[in-house]
Each structure stands twice: as C-alpha cells, then as structure tokens.
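Colleague: Read off the chains here:
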Amino acid sequence: MTILSAQNRKVNRKTGFWSDAWKRLRRNRAAMFSLVVLTLLVISAVFAGAIAPYSYSAQDYDNLFQPPSPAHPFGTDNFGRDILSRIIYGSRISLLVGFSSIITAIIAGGILGAVSGYYGNKIDNSIMRVMDILMAIPGMLLAISLAATLKPGLINMVIAIAIADIPGYSRVVRASVLTIKGQEYIEAAQCIGASDRRIIFRHVLPNCMAPIIVQATLGMAGAILSASSLSFLGLGIQPPTPEWGSMLASARQYIREYWHMTAFPGLAIVITIFALNILGDGLRDALDPRFRR
Amino acid sequence: MARYILHRLLMMAPVLLGVMVIVFTIMYMTPGDPARMILGEGAKPEAVAQVRGELGLDDSYVVQLFRYVKNVITRFDFGMSYNTRKPVISELLTRFPTTLKLAVLSVSISVLLGVSTGIISATRQYSIFDKLATSAALIGVSMPTFWAGLMYVIIFSVFLGWLPASGSYGWRYWILPSFTLGTHSAATIMRMTRSSMLEVIRQDYIRTARAKGQKEWAVILVHAMRNAMIPVVTVAGLQFGVLLGGSILIESVFAIPGTGKYIIDSIKSRDNPVVQGGVLLLALSFSLVNLAVDILYGFIDPRIKSRFKSE
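Chains as they are written, first to last, in the numbering used here: chain B, 1 to 293; chain Z, 1 to 311.
None of these hints come from the bench; they were simulated from the model. This structure is a prediction, so every number in the text was calculated from the model and none was measured. Mixed in with the good hints there might be a few duds.
Claimed, not checked - Simulated restraints, written as ranges between beta carbons of each label pair:
hint, chain 1, residue 1, chain 2, residue 2, range
1, B, Arg26, Z, Gly170, 52 to 58 Å
2, B, Asp132, Z, Tyr169, 23 to 29 Å
3, Z, Ser116, B, Asn207, 46 to 52 Å
4, B, Arg26, Z, Ser127, 23 to 29 Å
5, Z, Asp204, B, Asp132, 35 to 41 Å
Don't be surprised by glycine CBs; every beta carbon is placed ideally from N, CA and C.
Can you build the whole structure from these sequences, using the hints too?
Modeller: Here is the structure:
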C-alpha cells in the first residue's frame, strides 16, 4: 500500500505543468528543429574563435570582393575579410543584444505590470497611462530616437530596444496578474499574512511565466531585428565590429557589383528570426493548451 | 456614433501631450550644445551665449518644456531647423505627403494580399496552398524590411533590370519600396486573418448559414468575414505604426525624400528640432490611424456602437 502510493506520487510529479509542456513541445517537429538551429547558433557564437575559418578583422588586399568559393564560402568584403567568419562573430552581438534587451525589458516591464495589476486603482492607472503614451510612439521610431540621443554602442542599443519593449511586457504581465489575483491561493497567502512583495514574487509572477516565455521568444526575434535595423542606420554597432546590420550597411555601396556581400549577412538574420518565431509559436502551443489547433 | 468619436478624441489628448513630453525629454538629453551646432566650430563664446539666450536654452528644463508644448499646441510651431533656419513644420510638411503615399500604397498592398490569402488559407486548411502561404508568411515576418528591399534591388534592378533601384521620379520608382513594405506587413495580416477566420468558421451560426442553403462564398464573405475582420483591423492599424517605423528604413534604402529619411539625416547632422518634430508628427499620425481603427470597429461591430448610445 505504501509502496503503491509512493509510486503514484512519482507519476504525478512527472506530469507536472513544465514536463507536460516539454512533452508537447517535443512532438512539434518544426519547433524542435528551430531549437536545434538556435542551439547551433549559440554554440557558434560562444566558440566563434574556434569555428570561424578566419579572424573577423584579417584584411587581405589581394582578395577584395571575392565571390563565394571553397576558400571563402560566403566570399570576401571590401577589405578582403572573410564574410562567413564575420557572420559567425556577428552572431555574438546579435544574440547578446537580443537576449539582454529582452531580459531588461522583461524585468522592468514585469515589475511594472505586476505592481500595476496587483494593486490596481490609482497605481494601475498611472503606470498604464505612461505605458499608453510609450505605445503611441511606434516601437522602431522610439528605439531610433533613443539611440540617436544616447551615443552609439552596444549597451545604449540594448537600453534603446529594451525601453521600446517595456510597454508590451507590462501589459502581458498585468493581464495575467489580473486573472491570477482573484484565485483562492492568493487569498490564502494574504490570510496567513504574507507580504505583498512575497505574494507578487513567490506566487503571482511564477504563475504568469508561460505567457512571458512565449512573448520573450517572439520578442527576442523583434529585438534582433531592431538591433540590426539600428546598426544598418548607423545608430547601433559601429564598424569594424562585425554585426549583421552594420555589415549590410557597408555592403550597400557595392550592391550593384557584389550581391554576396548583401545576401549572406541578411540570410543569417532571417534564419535566426525565423527559428525564434517558430519556437515561439511552438512554445505558445505547448504552454497554453487553449491555443492548440 | 458622434459621442463615441468624441470620447476617443478626448482620450487621445492626454496621450499626445505625454508623447510631446517624452519626445522633448529624449531630445533634451541629447549631448551637445545646439548654439554651438548652429554657429559651427570655433564660434566666439559671446556669440554662443547670445544664441543660447535667443533660443531660451538657459532656461530650466520645465520652462523649456512648457514653452515647447505651448508653441506646438497654440501655433503648431515645432521650432526652427538648425541647418536650414526654416520652421520645422514647413520642412516636415513638404516631405510628409511622400511618406503618406508610401504608407497608403503599402497598407493597400498588405491588406489586399494578406486578407485574401488568409481567407483562402483558412477555407482550405492544410491544403498545399495553405502550407505554402503560411510558410511564405512566416519567412516574410522573419525578413528585415531593409534587407528584403536590398534583395529586391539586386533581383529586380541589378539582375533583371526591370525597375529603378532608388529615387522617386515616377510611378515605377514606387513599385519596389511599396512592395517591400507591403509584403512585409501582408505576412502579419495574413497570419491574423487565417487564425481569426478559422475560429469564426467553426461557430454555430456559420453551420446555420450553410444549413439554410446559403452559397459557400456568401457564407465566407458575408457571414464569416464580418466577425473575422475585427482582430484583423486591429492588426492592420498596428501595422500602420510598424510601416511608419519601417518607412524610415525603406526611405533610406530607396533614397525616397520622405519624412523618415529626413529624420535619419537630421539625426546624423544633430538637427534636434527636426528629429523632435518628425517623431511627433509620425506619432500623431499613428494615433490618428488608431483612432480611425477604433471608429471602424463601431461600423464592423454594432455592439460597440450601441454601448455608447445607451450611455
């Protein structure tokens, strides 16, 4: 009897929310494929030094503008630098900017949204009106004007993108907090005298992780897109640091003669964002069974 | 209905005021002395001090903010461009029609393309058409607009030689830019149309319409479409904002002399009043489009209209 109940408990734990979601995600072939692609991207970013065939800054004036060849699979650029190597090193910046700006936006937006949803009334009103104002400025435009004010560079680009993303997260978190707030276990926590901070961080926020994770995956795609756009406009990462957007900016002058300089850095962006979008869709299906078709 | 529009307009005023404060504050924080920017390198300190006085730059942040907001509201005065010494508003308004034209062309393309493929995809779910269209839409969403624009230039102007690559001298110059922006947001609209249509055609009233012998096209286009369009209109309105942001990039790629390119050029030459006014103008038009979307809801969904009638 005791053995049986112990076994049952084990079974119960195995079908918890997260392992259940993981099981659903594993069945989604497109999402799993994207996960593999993204893992490879992270590996290549971390071990760029070992994987890239050349240095990202090695100039070779005998081999300027070389079209794709076995020696240079993606060709060389206007300084004779290997484009494949620059793309591999560039993934560091793109993934770093995408990841850190989303984390920043989630923390700031999450806290604002949680406070707003939990306390309601005046606090909710004042926070959400500010978010409304930020949302009235198209995101890309806000990021551009922030990036224009701050000096170009990695950290300022992260700040610009993060601020433009905060309203979105605060709304998602606020909406989930509002649904969670009315439930009994929150009332129970309040009854036994838990502090507001404890309730928000221990009970409310962990329970709205699912929509946050989905929004973060899709948001990271958007952040990488914004980062490359800012760099393309000359407001982000400055050359000679390899970044996909700034590579495209310098490829632009040679667009009539050398197509490979434009095509490959852009493809890197497309593949990364595509994988993140598919994974995001898959996660939404896995984490929220209501969305499943 | 008039009441509803008035209500939305009143709600818009504080938001726009807030946008003004935020945009002013962002630009206020920009490093560099505008007076020095106007006079150029090597200006005498007395001259700099005089210009600072004329522009009111020595006043506190709050005083400057109030003056700016007051000028914008009462006289529609956005200040003077540092570079051309002309009023910002007239500089912006000469370029705005170009941006508006690009946005209208792209929105038309995206709505036509997105809604029609979305409907066909939803009615033929899991068909080859549906699979191709959903994959194409996913790729479309994942493509940076500026890169798509550059690739279209390589394909259609450099390799095929069909269309001009940049400038704006005639209708042929508008095809590539509006196609680039239009297909990008068509992808989002298509995905939204498809999922909302799929939801609607499973409902009972659609089965009723079919059961009473209604023609299939009428079921889809009359009965299903009206309900399915509500979320699509929201997304299309939001896409207009994305388009305005995207137009900055696309105008730069195709060298179109619109507001977006003007803003970027002004950022590079540190012409703050222009950047300030330009961002404000684009945010204002974004808000107006969202207002139009809200009004459109009233026409699509009578429930919203009646809610405001009873009050």
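Colleague: Which of the listed hints are broken here?
Modeller: Hints 2 and 3 contradicted; others consistent.
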